[in-house]
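Q: One letter stands for each residue in the lines below.
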Amino acid sequence: MGLLLRQLRNTLLGLFVLAAAVLLVFGPRRSTRPPAGRVVVTYWEKWTGTEGAQMQQIVDEFNNTVGREKGIYVQYLSVSNVDRKTLVATAAGVPPDVAGLWDAQIAQFAAMDALEPLDEMARACGITSDYYKPVYWKACTYEGRLWGLISTPWAVALHYNKRIFQEKAEAIRKAGGDPSRPPRTIEELDRYAEALDERDEMGRLKVAGYLPLEPGWFMVHTPFWFGASIYDEHSQRFTLTDQRVIQAFQWLRSYSERLGPKSMTDFRAGAGGFSGTLNPFLAGTLVMEQQGPWMANYIEEQRPSMNRWKMFKDLKRNEKLAAERKLSVEERRANYEWGAAPFPPSDPAYAGATFAGFDVLVIPAGSKHKKEAFEFIAYVNRQEVMEKICSLHCKNSCLTKVSDEFRNHHPNPYIEVFENLVSSPNARAIPPCPIWPEVVDEMNSTIQNIYLLNATTEEALREAQERLQQKLEKFKERQAQRRRALADARR
Amino acid sequence: MRAAELRQLGKGMAFISPWLIGFIVFTLLPVAMSLYYSFTDFALLKGPLPVGLDNYRELMWEPHPRGRFGDPHFWNSLKNTFYYAAMALPAGMLVSLGLALLLNVRLFGQAVYRTIIFLPSLVPAVASAMLWMWLFNSKLGLINAALMSLGVKDPPGWLSDPRWAMPALAFMSLWGVGHTVVIYLAGLQDVPTELYEAAEIDGAGRWRRLWHVTLPMISPVIFFNLIMAIIGTLQVFAVPMIMTGGGPARATQFYTMYLYDNAFSYLKMGYASAMAWIQLLIILALTAVAFWSSRHWVHYQGK
Amino acid sequence: MNGAQSKQAVGGAPREAPLRRPSLLRRIWSAEHWMVHLALLCISVGFLMPFVWMLLTSVKTIEQAMKFPPEIVPRPFVPENYVTVLTHPKMHFLLFARNTLIIAVLSVLGTTLSSSLVAYGFARIKFRGRGVLFAIMLATMMIPFPVTMVSLFRIFRWLGDNGLGQWLGTYKPLWVPAWFGSAFNIFLLRQFFMTIPEELSEAARIDGCSEFGIYWRIILPLSRPALAVVALFTFMWAWNDFLGPLVYIQDQDQYTLSLGLQTFQSMHGGTEYHLLMAASVLVILPVIVLFFLTQKTFIQGIATTGMKG
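Chains as they are written, first to last, in this note's numbering: chain A, 1482 to 1972; chain B, 26 to 328; chain C, 76 to 384.
Rather than coming from a laboratory, the hints here were simulated on the basis of the structure.
Wrong hints could be hidden among the right ones.
As the list claims (entries may be wrong) - Residues from chain A that face chain C, not an exhaustive set, calculated with beta carbons under 8 Å: (1) L1493; (2) L1494; (3) F1497; (4) L1499; (5) V1503; (6) P1515; (7) G1574; (8) S1610.
For clarity, every value in this text was computed on a predicted model and none was experimentally measured.
Backbone N, C-alpha and C define an ideal beta-carbon position, used for all residues, glycine too.
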């Protein structure tokens, strides 16, 4: 018996080793193979899934047109943590030729000399500052030079569930609101939120009217709707102790004070998070949230019934888009269970406030194919291509010129809301701070301290202010030291 | 040196040359370089800029308002690491020793039990972290479901609660004691039976046998495991990075995590090198203390 | 070091044999026996629970996985999750498995060869300064990785910039150092080599065998269990390694399984737990299978190398 077991074991072991050998010799090597004879431009991008496939479409179109003409092949690679990976790869001397980063990286990477400046190449293509809407162009520059061009821009607005508004019309009216329209000031938002909260038998939060934590991606920019920002670029100082900033985070904290921090975190732990069918906004457990224009796409994918409230219930996506072409924008909107509107500011003077963010294409320093890389970036920035990818990704446009086709037949019937927001003077982009990752980490833990009620808002912000300002001063001092050392070395 | 000695030296060096070369290139040189970097401001994209003791100053003694000194995240991560060690180290040592003693008793199915206990230590850190993240989920996880079914009305938020996150991580570390248990088992095999027999003749019961025979005999193994545990616990990185990312509110930001962030997110490599050297010195100090104390409680069989 | 005595210690021979041997029946029915059984049973269930839960979650739908209170039986039973994971666009499982395998195999070969070579030098050749160098080697085990992390990065970049071969962006930083010996394995093997009687070496020397000959033809064949342990330990360590790949691998096409598994952790929240658990099972499986198949060698090897000293 022992002998049999041993033979069995040896056979299995042999099979195991054989499987490993097969995998080694015949296993997959790379995910894609570029054709021979063309300059290969490696393009690292954050998008996966549908969004990734849509960008891949644009890449394929480039490869078949301009790419074929000029002998360029763009290789699209979907990379997680693309910002950190690109930074380390650049530091390692093996960067990708094009990287698709977030707006937040421009100041940091530029200040570290991790990027190639694009001014000359852009000018040669006719891309100048009036090509983009002002808020976007400014955010692509740092210290007067251009460091990246946008792939897809977006902005943040209030998304609300019209159906639930109707169902809870009584409660909303009792709170002094109007269920036929979204709240127009922050104070109104709070009243709507409280009226719409629901609890279960155990007293836990079942439905939330509004939760600043959900999705919680833009919390650091909350002061925008209070007329302020956490950083002032002209004086290069953080403004965390500005009255309006304190007011903004105090507002954020008020939800925690009202609901209790544990019930908020429990709600989030049990919610599905953004990309599942259990996304609370889609599931109806969150009535209002701060989101971007891509919601129309996500809802279409994950819960299409929300986009077919009154009509087209059995139509597939393409058929519905075709049918919608015959409708006016108002009629399209009426068919959507949800709506988008400007996120209410604290004061009408700040009307049109929004966070204008974007995804950006940069050329890391040390890229071996800068000219070819820029060919691709310029291609993406052609109006027709930009509008195409923005349409596919369901985002607004950053260009000054926007075609009627884009405005009227965008998959998101509320796109006009976003277009208006990013054209308004109160729209703000990410503050151009060179130590942004440290700012984010610091602000994240500060905000957590605030909504976990560990410290008062003022205390937490004051400490963050001191720390961040000191870090920034040190950073600038070191930069100055370096410049002096470089100048000395030259003499 | 005499000719024979020289020949032996030559032979010896030849055999250990791979290690020697590797030691110089992959250990000695980098350690020396990192010492140098700790006195510079270095972002890898440009050359290092000497700044003297500034990194250490910024870390430990730079004065700030309200009587604070140094980088609060540095002190916080150090405190977190020690807090974790204070829980995980004793618990780990006791549990692994206890398990080894239990597994040493001759039983039916002993091999099965041993395998089960050892299995979790084979699991990669990433998979283990994700699994326990799921188990600790405050709303949907198995642990809270079990607690609620036992009547606990409001179970803790575990990884999203600053007070419970660290204890949760320490508890989870017990799952992986398998390899330590195996080392104890090997040590327990080596205890000579004569000693047990002699003790039994003298009338010693089970507990006295444990205390006076078993433990002293395996004290070298305990010592070895203690050193390994100190070194390991102070370098914990992968599991909390994946499970909590340092949150909530930096309650689980371990020393190595903050170091890694400084090196690869902020590209402050000089600062990170200073942190690394401080970590090295702490480990050396603790190991030295352990070695010094070993004189009092470690008995070598001496062959 | 009594290696011969330890060699008997496979699978746990009793070391607490009492003077009078009660009959087998008497032993089985003793209270102590059952108490230990009970304790071990409870503990084992605790240790196994997470695995069981992982397996169960891996064959559920996301809706059922996210149900509260949790349901034990998967209904519907979805083994297709495994297919989804293997063909998932985000995680090229087979590609990552191959990458990990390459690094692991190269590490195992390098470690086993070089560590045994060096251990032989420390164990079987008396030379001046041997003790000091051995102590230094042990001390290197205390150096935390972060101390060398940044400098190694810089060294590798320097090698690439100066035409001495591109290291960053390849797997070299992960397996080449293994070919220069690993302190832990050198220690293990040295302890083992020291248990082999000197007479064998003496006899071979008298016969005119070179030192390397003794190493290759006498010591190595006798050390199969210890070498197997080194190989297995190294394979498992390389398979599970996370920090190394995290620091040195940026290109997603080169990811190892550990890095790949992490990509399942969605940045936007809403991790697909059922797929994540299935992927985890797939990543853990090879190591566990290997362990079961080599269990005896493993335990025997650990016992024989001994940890005292």
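Q: Is the interface hint satisfied for L1493 (chain A)? The criterion is a beta-carbon contact with chain C at less than 8 Å.
A: holds (6 Å)
Q: Quick check on the hint: L1494 (chain A) CB to chain C CB, less than 8 Å?
A: holds (5 Å)
Q: Measuring from the C-beta of G1574 (chain A) to each C-beta in chain C, is the shortest one below 8 Å?
A: holds (5 Å)
Q: Going by Cβ atoms only, is L1499 (chain A) closer than 8 Å to chain C?
A: violated (13 Å)
Q: Let's test the interface hint: is any C-beta of chain C closer than 8 Å to that of P1515 (chain A)?
A: Cβ of P1515 (chain A) sits 12 Å from chain C, so the hint is violated.
Q: For the hint on V1503 (chain A), does the least C-beta distance to chain C fall short of 8 Å?
A: violated (10 Å)
Q: Does the nearest C-beta of chain C fall within a distance shorter than 8 Å of the C-beta of F1497 (chain A)?
A: Hint holds; F1497 (chain A) Cβ to chain C Cβ min 6 Å, cut 8 Å.
Q: When the nearest CB of chain C is found for S1610 (chain A), is that gap smaller than 8 Å?
A: This interface hint is violated because 32 Å lies over the 8 Å limit.
Of the numbered hints given earlier, the model fails hints 4, 5, 6 and 8; all others are met.
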